[in-house]
Structure formats: structure tokens, C-alpha cells
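The residues making up each chain are set out below.
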Amino acid sequence: MAAAVELEGVNVTFGDFVAVRQANLTIEPGEFFSFLGPSGCGKTTLLRTISGFIEPTHGSVRIGGQDMKGIGPNRRPTALIFQNLALFPMMSVAENIGYGLRVRGVPRHERDEKVKNLLIQVALTEHGHKRVAELSGGQKQRVAIARALAVEPKVLLLDEPLSALDLKLRQHMRTELRAIQKKVGITFIYITHDQGEALTMSDRIAVMNAGVIEQVGDGRAVYAEPRTPFVAAFVGENNQIRGRITQVADGFATLETPLGLLKGRNPVGLGVGEEALLFVRPEALRLGHDGQASGSGFEAETLDVAYEGSVTHVTLRVRTGQKITATLGAGSALPAPGEMLCLGFAPQDGLLLKRPERA
Amino acid sequence: MTVSPFQRILFALYIAIFFVYLLGPLAVMGASAFNTPEYPQVWPFEGFTLDWFGKLFADQDMMYGLKMSLWIGLLVVCISVPIGLAGAIVMTQITPRARSLYYLVVVSPVLTPGIIIGISTVVFWRQFTGQTGTRFLYDGVILTVFGQASFISAYCMLIILARLQRFDRAQEEAALDLGASYPQVFFHILLPFLKPALFSAAVLAFLSSFENYNTTTFSILSEKTLTTVLAGRMRQGTTPAISALAVIIVAVTVLGAIVYEILKRRADAAAVQRQRAAQAAEEEELAGTPSPAPA
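Chains as they are written, first to last, in full-length UniProt numbering: chain A, 1 to 359; chain B, 1 to 295.
No lab work stands behind these hints, which were simulated from the structure alone.
Quick reminder that beta carbons are idealized off the backbone N, C-alpha and C, glycines included.
Mixed in with the good hints, there may be bad ones.
[What the hints assert, rightly or not] Stretch-level coverage of chain B by chain A, calculated; a stretch enters the list once three of its residues show a Cβ under 8 Å from a Cβ in chain A:
#1 161-175
#2 186-193
#3 278-284
Start from the sequences, fold in the hints, and give me the full structure.
Structure, rendered in C-alpha cells:
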């Protein structure tokens, strides 16, 4: 079976501005795939390239094995759910859902039958005759999904559709979207800047920054095994410490930093003398650790303690003035603000990555 | 802040003067239509009569002018609204830098004095029809339609543009994405959205054409419209039959305004109803009434 979507050397430029650089990617049929990145990273451009609103400057887009060059958005087997949903205000809910079938010339009775089934599927059975303006945010969301599903696309593209919703509803819609995807079994490509959304819903995630796909992997991989400093910093909370590699051994390396020598994993194979960044997750830091026996440690002054019940977030300041966050579990003894502490972490919880030149 | 009785009286007086100034001439003219003297006169009121209405309808020239005015108005609507629509769409498609120049060009007919448009229409069409051997087009009605449409189209464009600028481009893209062709997007999405503006543009185009004199007086050649007939009459001295015509026109206008207001209130009420329904649905949703997950 051909891949749902293949991107090969896709570049998109607007004048001098490079929106997407050298994107290579294969998305499998039935996959829930997310593009995660800050605004302006090129994820929406990439989505519009897949749906056909933008032609790539270089490279090719294949959908179901077929090259999409010169094929407009109205002839691609994709359906897009817009950020503002773009429902048609002058049509009823049922007319909105049936629009794709209407322009395809599907006969009325067949169309009505299908719209009825879709209304059942998205739990809007009694709302078919209503205007879009009469619906709640969540209901509009479901109309948009039904309208896109009506044309039976091979790939459903979603451009941050949950961003306009209330927080509680957004979490509910995550589950619902995932359930719909499992049920219809088509490929979903989801665009978001919200890592929570990406991590909870996706089979795989592509993390994007400044037009470049930095890493592709499942949620655990991008969280626990980031391959670039951007991914390490963007996905989840992370502390970073700058330094220079002084020693390399067995997949680990030692970093010389203003805070002393710190040891961490070296998955990208940094060599002695290279500039590097050490990443340590707040939940990997332990208080009172002497750093001698099993790992690395440094001194810090407690600034703020935020008790949240299940966890406590502690903000500390190290000798260089940099702020460090540590997250403590429920049973931990809590430090007092102003207290000097020793912070430590195990070498396998430290991650060394190459420092980008511009940073 | 408290308002003293004195201030209140001043304000009432001001309003009264304002309305007298605005509506007084119309009221005088209207009343004179029902008075018997040969010359429009309200005071003394010598006797109530409806004869002037009869005389008006018996006046061949006026009735002919009215008929031509209605026809020309209709034709101007048919030409100006599509041109205005096309002009407005072009405005949204060109680069922002070209936009200000384009705007200047398409709005210039509005700023040009009507007399100049009238004269230039005649000069151009005489040359054009003469050179191309299409002399049969050199006709007062045709010239007037073209002359009026040349600036009324610009009005229409401005009205349509105002609404078009509020159009959400994503709607067009959504329709395309669902498989619509470009003509389908135009007829299913864009036109329904623009419908109110198209209607306003049509009404305005008709009224501007109907009451136009400056351009028409030149471009009408040997034909006549209501305004040119009226202008001719004024030279010989006015009669209460013209007042009767004024009464009819005012009555039709007021009636139209009332119907419009009723329809608008009805539409507003429906919109409020919808908004209430949306709000209720929103509250229900946030209160956690579980929207049944897809089965």
C-alpha cells in the first residue's frame, strides 16, 4: 500500500523568505500525524502545500503514491479543517455537510442519506436544519469535521482547529478527534503549537522550527530522546546549561561548565573540545544530591516554591544568575525560599546536544 | 448631569427648525397638489381637488419621460451592478501597491462633474459610431445608459467593495478544498455573501439614474426623460401637476423605506434569536452536558 503522503525535498519560498526548507517525510495510511512548532515555523505552509493551495518551489508532494504537481486543491483527495473552521454562514448545518457532495453532483436523495448518517456520527442529529450561527463552539467543530469527512478524503488535514475553544472543551475534543480518527481509519495530519495536543493525540510528531523539520518520532521519542536543542527546549520543560566537552566515554561525556563538571548522555557523538548544551528535565533534578557518587551536581539558591499538590515547582538561581526549575514529587521535603541547596541528576538524565552556532 | 427646562426647550426648538428646514419645502409642494389654483399655492387654500393627479397622468410628455426614466434606470442597474462587482473583485486580487492607483482610476468618474461626463459621452459616441459605421447606436437612450453607468458603476463598486472586504477568504478556500470549481465558488459562496450589497447597489444605481439631470441633459439628445421634461416645464412656469408628481414620488419612497425597515427589523430579530440559541448551546456544553462521543 502506498504511503498516504510523501514529501520529497519540499521547499517553499515567498520571495526571499524560505518558509519550508528541504522537507522529506513519509506519512503512513491511517496514521495520526502532527506537525508541532511555534507560530511562523512553516507548519501551516506545509499543510497548505499538501492540500494544494501552495505549490512547492522545489520538490514533490505525493498523495497515495500519486504526484500532486499541477493538481489544484479541489481535485486532491484531501480535506482541510480550517483554523476558523470556515463554515458557510448562509447555509444550514446539513447544507454545509453536504456541500462537497453537491459540487460533485451526487444526487439529492443519496446526499441526504449520507448527510443524515454523518449528523448521527457527530451527534448533531437534531441540528441539521439550523444555521451555523446558532451552534456552540464544539458543535461548529463537529460540523466542520463532518463536512470534511463527507467527501471521503484519503487524508484529513487539521489546522489548529481547537485553538478557539474553551480549555475544558479542548481537552474533550482531543479525545473525540482521536476516537473519530480510529473509527474512520483515514490519515489525519494535525497542525498545532500546543505540545499537549500533539503528544496526547498523535502516533507520530514532526517538530518544526524556522521552516525545518527538526525531528520526527512518536511522542516518547521527541520528549525523551530529542535530537536537537530546539526539540529539547520546545517539547516539555527543560533546563539548559552551556559548556565545552572535556571527556568522552561509552556514550557519555563530561561537560565543563561555569557550575563545574557535569556528566550526561552523548547520543549525537560530540567530540572533546566541542561546544555543547546540557539538558536536564525539571523532574530529573533532585535536591540535596551531593553529586559525587552517581552523577553530577551543583549549588543553587531557592527563589520560589510553588506547591501544586501532586507536584511542587521550585525555581532556583545558580551561580551564573541563570534560573533553573526543578519539579519535586508529592513526598519530597520542600526547601524554603533563600535556602542554598545542592542539585543533582543521574548521568542518564542529562542529555548533551551540539550547541547551534547562532545561539 | 441635569438638563434645565430652558435647555430642553432650546433643544426642542432646534429640532423643530431642523425638520422644518428639511421637510418644509416638500410639505408645501405636497399641499399645493391638492389646492385648486393654476399656480402651486398653499395659502390661501381655495379648495380641495384631485384634478392635478388626473392632469399629470394625462400629460403625454411627462408620462413618456417617466417611462423612459424607468427603462434607463433598469438598464443602468443591469450594467452598473455587474461592472461594480467585477471592479470590486479586481480590487481584492491585485497587489497592494497597484491598489491605490487602481482605486484612483475607478473612483475618478464619481469625482468628475456630471456635465463633463455628459458632454464627453456625446463626443465619444458620435466619433465612435461614425468611424465604425454603427450609427444606429447613436441614440439618446443608449448614450444616457452608457453615460450614467460610467459613474454609477463606481458607486456600485464602492458599496460592494465595503462588503467584500469583510469576506473571509477561508470560505472560498474551504469550498475549493471540498471540490468546488471556481465558478461554483463564485455562485455558491461569494454571491450569496454579497447579496445584501448587490441589492443596495442596485437600489442606489436605480435612484441615481432616475434623478440624474447633469449628464442626461446632454446625452439624451432628442429623447427625453422625466428630469429633462420637468426641467423644460420649469422654464414655462410650474403647475400643481408637478406637485402631484412629487407627492407620488415621496409616497413611494416613504413606503419603500418602511418596507425596508420592517424587513431589516425582522432580520435583526432572527439574528438575535440565533445568537441566543448559540449562547444557550455554549452554556449547555460548558456545563458539561456530555456531547455523546461518536458511537
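Tell me, in ascending order, the numbers of any earlier hints that this structure violates. none
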